[in-house]
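Student: Between the sequences and the hints, there should be enough to build the whole structure, so can you do that?
Per the numbering used here, the very first residue in the sequence shown carries number 1; after that it's consecutive.
No lab work stands behind these hints, which were simulated from the structure alone.
Since the structure is predicted, the reported quantities are computational estimates derived from the model, not experimental observations.
Relax, there's no trap hidden among the hints.
The calculated label-pair distances, taken between Cβ atoms and stated as ranges, are:
#, residue 1, residue 2, range
1, Ser210, Ala53, 42 to 52 Å
2, Gly82, Leu206, 41 to 51 Å
3, Asp112, Glu195, 32 to 42 Å
4, Asp209, Glu102, 35 to 45 Å
5, Gln186, Glu46, 33 to 43 Å
6, Ser210, Gly82, 48 to 58 Å
Yeah, the Cβ is synthetic: ideal placement off N, Cα and C, and Gly gets one too.
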Amino acid sequence: MRVAGGIVLVAGLLLTPLQGAGQAPPSLPSDTTPPLERALELLGGEDPLEARAPLLEAVPQESGLRRTALLHLVSVLDRVEGPARGHVARAFLLSEEGAPEEAHEALMGSLDEVRDEDRVAVLALAAFVADGFDPARAEEHRSWIVEERPEALEAPEAALLLARYRAPRMSLLEETAEHVAEVLTQRPDHPMAPELRRELERIQRLLQDSGGGR
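Tutor: Structure below.
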């Protein structure tokens, strides 16, 4: 593996198809291929949804934003249909090949082909891709999510990452705190809600210390 543009790149993206179970040599069982490599091969196939199982299998082997990005990818693949699913798969493969800007462009281009209720999931994935080459663009995407769709499943995570990114800029903290509070109102039982509440408390303390809190 190598790292480029904030994305972990996997060598050997397109793998040679495995032989059938009856023909495979005993020393090379079909389950030896790492799950992420199998997923990448399937994402390039006719039905990207076939990559779902190996993607989920690969999740415990990753950490941090990388792990979250894989989960977002699975969520998006589950929710979008038709050509949009292919656009999403292609975007992820582009990011793996070290072309995050092209991946981001592919995701943004797919927004017109997905259902309105699925656009937040695609935009959240686009934000993770943008983290690797343009954090300000990622901020823009997450800001739209928390402002326009605070009830969305992706909103708590977007709010948390947005708050952390904006932390050094005191001028934006009050507005950020308001959006975080609204997301918590909409998604109080989300798995990330406890962490988001702690982040809100931290922001409120900063505002109070600076005299900017209400």
